[in-house]
Amino acid sequence: MQQQSNTYVIIFSVITTIVLGGMLAMANQFLKPRQQKSIELDTKRQILNAVTDLKGKKGKEILDLYNQTIDGIVIDINGKNIEDSENGTAITADKVDVARNYKKPPEERAYPVFIYHKQGDTEAVESYIIPVYGNGLWGNIWGYVALDTDLNTVKGASFDHDSETPGLGARISSSDVEGRFKGKKLFDESGHLKSVIMLKGERNPENMLDIHHVDGLSGATLTVNGLNSMLQNYFEYYSAFIKKASKNKVAAL
Amino acid sequence: MSTETLEKKKRESLFSKRRKKFIVDPLNDQNPITVQVLGICSALAVTTQMKPSLTMAISVLVVMIFSNLVISVLRQLIPTRVRIIVQLAVIATLVTLVSEVLKAYQYDMYKQLSVFVGLIITNCIVMGRLEAFALGNKPWDSILDALGNGLGYGWIILAVAFFREILGSGKLFDFPVFEAIGIHNFPTNGLMVTPVGAFFVLGLLIWVMRTRSGYVER
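Protein chains in written order, with the numbering used here: chain R, 1 to 253; chain L, 254 to 471.
These are calculated hints, taken from the structure and not from any lab test. Bear in mind that the values here come from a model prediction, so they are computed numbers and not experimental data. Some hints here could point you the wrong way.
[Claimed, not checked] Below, in silico cross-link-like pairs of lysine to aspartate or glutamate (DMTMM-like), each with a Cα-Cα straight-line distance of 25 Å or less: (1) Lys44(R) to Glu432(L); (2) Lys244(R) to Asp176(R); (3) Lys356(L) to Asp160(R); (4) Lys364(L) to Glu236(R); (5) Lys304(L) to Asp53(R); (6) Lys57(R) to Asp361(L); (7) Lys424(L) to Asp215(R); (8) Lys95(R) to Glu126(R); (9) Lys424(L) to Glu236(R); (10) Lys244(R) to Asp71(R); (11) Lys304(L) to Asp42(R); (12) Lys182(R) to Asp427(L); (13) Lys60(R) to Asp427(L); (14) Lys364(L) to Asp53(R); (15) Lys32(R) to Asp64(R); (16) Lys304(L) to Glu61(R); (17) Lys57(R) to Glu432(L); (18) Lys182(R) to Asp361(L); (19) Lys118(R) to Asp148(R); (20) Lys364(L) to Glu40(R); (21) Lys243(R) to Glu189(R); (22) Lys356(L) to Glu40(R); (23) Lys247(R) to Asp64(R); (24) Lys58(R) to Asp160(R); (25) Lys55(R) to Glu432(L); (26) Lys247(R) to Asp176(R); (27) Lys364(L) to Glu189(R); (28) Lys95(R) to Asp427(L); (29) Lys95(R) to Asp42(R); (30) Lys58(R) to Glu353(L); (31) Lys200(R) to Asp150(R); (32) Lys356(L) to Asp148(R); (33) Lys57(R) to Asp427(L); (34) Lys247(R) to Asp148(R); (35) Lys37(R) to Asp361(L).
Could you put the whole structure together from the sequences, leaning on the hints where they help?
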């Protein structure tokens, strides 16, 4: 067969496609379990990161710590506990896929609350961690916000993103930026939701950084806008639960 | 063809003088970044720190070696009319493999590098070497050429990352260098953390290298 003939070109292309496609499919199959483990570890690391410092801790230690200190409940938009999922099986906070729930209308979503307690003592609650999810500039952004037992003060936050610009929007996941949320408050004195708002631009004067505002990221205004509406939305979704739980902490458990 | 057969008779050593040139040239006189000004995009983007730069350098090196090898082995079979798309398919496959492996074993790095691993596909250095070298040379020579150019790319982004990380964050490989030697108030330069910093460092580097080699763009 002539090497420049159409038939040759077509056959060559087909074979190339099949071989390369097959290689990718095999690699995907082979690496999938390992990747899922990495993702699970990463999620748990993020949840814990909102409440404690994980510096120097490795994979297994993080999983152990998670098992010993994190508990969870699932609630609906009205703050009522959900025990069973739609198909009747018991539902746990770990199993709720926040990203998938995000596609449903807010009233129908299941909202997990992770409860961080002292090692081995489920009664000694130290903070409530709520997941947040939204849109950044290029893709989804998400995170976990840890609230103190007063369910008003932010104890810590950890954020992550799918494809924000490295060095700009991607900085929301750096510990320095996450740390800015510490100590901020969600509600004002009269109990209205004010959320925590990241300002536009960086190095804002101190007097602008009150209990509801944190310093922004220069060059990442659109990501920051996404972050702000994500926080605002989710604090609203959880506000029924927050009101209930702060009235009666034990009932929430 | 005649020179090739001649060389074969002499049984050229694996690292003959001619072959050494494949590796040494791209490190300096024919450097893909500073002389040919290819692959600038990723050189600006990933070089805020040493660690992602190292991962990137290794990834590019791996992709280059294997794509050069594959294309060189198939060079008699690839129809000229579709050679570009075949090169692209091979590169894309290898890049996806690298990205999947990173996702499985280096998840943090995978997240940090995000789109830039995928963008190795469009790194002109990789495709440039396939088109300019691997299509017309034997596998071993092609591997050496890939090694040379991959390292040429790698050492430049590592050099840029070195200056950006140490001046921008006062660290090297996340290790606080200045605190370790007792300087606690080292003024870090915010400019170095932004991509603009990379332009400055890279520009100076190109200047120095071109002054030394006397290379002038024509």
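Outcome of the hint check:
1. With a CA separation close to 31 Å, the supplied pair Lys44(R) and Glu432(L) exceeds the 25 Å bound.
2. Among the hinted pairs, Lys244(R) with Asp176(R) is inconsistent with the structure: their alpha-carbon atoms are about 32 Å apart, more than 25 Å.
3. Our distance criterion of 25 Å between C-alpha atoms is met by Lys356(L) and Asp160(R), whose separation comes to about 15 Å.
4. Restraint check for Lys364(L) and Glu236(R): not satisfied, since their Cα atoms lie roughly 29 Å apart, outside the 25 Å limit.
5. Under the criterion of a C-alpha separation no larger than 25 Å, the hint pairing Lys304(L) with Asp53(R) is consistent with the structure, at around 22 Å.
6. For the given pair, Lys57(R) sits about 14 Å from Asp361(L) by alpha-carbon distance, which is consistent with the 25 Å threshold.
7. For the proposed pair Lys424(L) and Asp215(R), the alpha carbon gap of about 24 Å is at most 25 Å, so the pair holds.
8. A C-alpha spacing of about 22 Å is found between Lys95(R) and Glu126(R), which places the hinted pair at or below 25 Å, so the restraint holds.
9. Restraint check for Lys424(L) and Glu236(R): the C-alpha separation of about 40 Å exceeds 25 Å, so the hint is violated.
10. With a C-alpha separation of about 19 Å, the suggested pairing of Lys244(R) with Asp71(R) holds against the 25 Å cut-off.
11. For the hint pairing Lys304(L) with Asp42(R), the CA-to-CA distance comes to about 19 Å; that is within 25 Å, so the pair holds.
12. Simply put, Lys182(R) and Asp427(L) have alpha-carbon atoms about 24 Å apart, close enough for the 25 Å limit, and the pair holds.
13. Restraint check for Lys60(R) and Asp427(L): satisfied, since their Cα atoms lie roughly 22 Å apart, inside the 25 Å limit.
14. With a CA separation close to 20 Å, the supplied pair Lys364(L) and Asp53(R) stays within the 25 Å bound.
15. For the hint pairing Lys32(R) with Asp64(R), the CA-to-CA distance comes to about 23 Å; that is within 25 Å, so the pair holds.
16. For the suggested pair Lys304(L) and Glu61(R), the alpha carbons sit about 23 Å apart, so the restraint of at most 25 Å is met.
17. For the given pair, Lys57(R) sits about 22 Å from Glu432(L) by alpha-carbon distance, which is consistent with the 25 Å threshold.
18. Distance check on the hinted pair: Lys182(R) and Asp361(L) sit about 24 Å apart at the alpha-carbon level, within 25 Å; holds.
19. Distance check on the hinted pair: Lys118(R) and Asp148(R) sit about 14 Å apart at the alpha-carbon level, within 25 Å; holds.
20. Between Lys364(L) and Glu40(R) the alpha-carbon distance is near 14 Å, which keeps this suggested pair within the 25 Å criterion.
21. With a C-alpha separation of about 14 Å, the suggested pairing of Lys243(R) with Glu189(R) holds against the 25 Å cut-off.
22. Between Lys356(L) and Glu40(R) the alpha-carbon distance is near 12 Å, which keeps this suggested pair within the 25 Å criterion.
23. With a CA separation close to 32 Å, the supplied pair Lys247(R) and Asp64(R) exceeds the 25 Å bound.
24. A C-alpha spacing of about 19 Å is found between Lys58(R) and Asp160(R), which places the hinted pair at or below 25 Å, so the restraint holds.
25. A C-alpha spacing of about 18 Å is found between Lys55(R) and Glu432(L), which places the hinted pair at or below 25 Å, so the restraint holds.
26. A distance of roughly 33 Å separates the Cα atoms of Lys247(R) and Asp176(R); the hinted pair therefore is violated under the 25 Å criterion.
27. For the hint pairing Lys364(L) with Glu189(R), the CA-to-CA distance comes to about 39 Å; that exceeds 25 Å, so the pair is violated.
28. With a C-alpha separation of about 34 Å, the suggested pair Lys95(R) and Asp427(L) falls outside the 25 Å cut-off, and the hint is violated.
29. At most 25 Å may separate the alpha-carbon atoms for a hinted pair to count; Lys95(R) and Asp42(R) meet this at roughly 15 Å.
30. For the given pair, Lys58(R) sits about 21 Å from Glu353(L) by alpha-carbon distance, which is consistent with the 25 Å threshold.
31. Our distance criterion of 25 Å between C-alpha atoms is broken by Lys200(R) and Asp150(R), whose separation comes to about 29 Å.
32. The suggested pairing of Lys356(L) with Asp148(R) is violated, with an alpha-carbon distance near 34 Å, which exceeds 25 Å.
33. For the proposed pair Lys57(R) and Asp427(L), the alpha carbon gap of about 16 Å is at most 25 Å, so the pair holds.
34. Between Lys247(R) and Asp148(R) the alpha-carbon distance is near 14 Å, which keeps this suggested pair within the 25 Å criterion.
35. For the proposed pair Lys37(R) and Asp361(L), the alpha carbon gap of about 13 Å is at most 25 Å, so the pair holds.
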